[in-house]
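Here the protein sequences line up with chains A and B, keeping their order.
Numbering-wise (my numbering), the first sequence opens with residue 1 and increments by one.
Numbering-wise (my numbering), the second sequence opens with residue 1 and increments by one.
One or more of the hints may lead you astray.
Stretch-level coverage of chain A by chain B, calculated; a stretch enters the list once three of its residues show a Cβ under 8 Å from a Cβ in chain B [said to hold, decoys possible]:
{"no.": "1", "segment": "24-32"}
{"no.": "2", "segment": "49-58"}
{"no.": "3", "segment": "102-114"}
These are computed hints drawn from the structure, not numbers from a lab.
Nothing here was measured: the structure is a model prediction, and the numbers come from that model.
Beta carbons: idealized from backbone N, C-alpha and C, even for Gly.
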Amino acid sequence: MAKRIFTSAAINWTANAAGSAIGTPGTPSWMGVKGASGTQITDVLEILFSGKATSSIVAAIEFCRASTLETTPTTLAAPHSDGPMHFATAALTAPVVTFVAAATGPTPSNTVTDGKINLGLNLFGGIIRWNAAPTQQWTIVGNTAPGGESLLFNSSTAGGSGGNGDAHIMYETY
Amino acid sequence: MIFSQQSHQGEIMLDHRASPGIPAGKAEQMGLDPTLVGEGRMSHMATLGCAHCNAVVVLQPLRTRERGHCFKCNRYVCDYCAADMRRPDYDHRPFEKVVDLVGSGKFTLQGPLWNPLLIPTGE
């Protein structure tokens, strides 16, 4: 339909354990993308993360499925944003739910057979970007577990420590 | 035009040119090659998506074992799905088909995305 870009700014990426709900879900420390309906298909095309820490901190950033979804996602507010990449894009009738806070946090999947994208980097000057080739995109299916929500988070399970950084997730929904 | 399987490759670009990078011990813990992610290094790593479970896999360039491949899809499949394909009662179900079935509103998913259960919605 139309490519959109979900951007976060000035987040402290507190490390959270995979397999447990995100702690302090009201404070942004992750980015979530969820389908708007049970039949919505969303392709994630690119993820970029740039570290903003002022000292050396290794973060184990991962993009993974949510095994348990969040409840009551908080409406996105500045400085975070989610908008089309082309200015003339029509508004979506069923916008994808993008959020950085919620009443209860999503649970990053800890299932051994679930794929995760490893985006580990040093937050002191490090930059990492994942691009999907055509037909190789990460797909979000519907709006329920296991395929309906994915999140970008810092995994303490993989040895990450918390620090500042900005990220964007480029996606296209159908 | 000649088709190349490499046209399916995505990329992870990791730039530590202005950064202390990831220490060797930590890189190993995170499943990364310490020689590629240290101080001052910039690396480009190829990725592939599994045609059956949609997992994104960072390719290990030193791997000598064969990688999984589905000849029905003519696409890469991850190690878990490659093992699953060897079951005698295996039913070929590419991820694109799962997406179509859920998108039709007639099925929902349960279980992990690797070999998920498709539950009829009754529509």
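Assertion that chain B covers the segment 49-58 of chain A - criterion: three or more residues, beta-carbon distance below 8 Å: holds (count 3)
Assertion that chain B covers the segment 102-114 of chain A - criterion: three or more residues, beta-carbon distance below 8 Å: holds (count 4)
Claimed coverage, the segment 24-32 of chain A by chain B - three or more beta carbons nearer than 8 Å: violated (count 0)
Of the hints listed earlier, the one the structure fails to meet is number 1.
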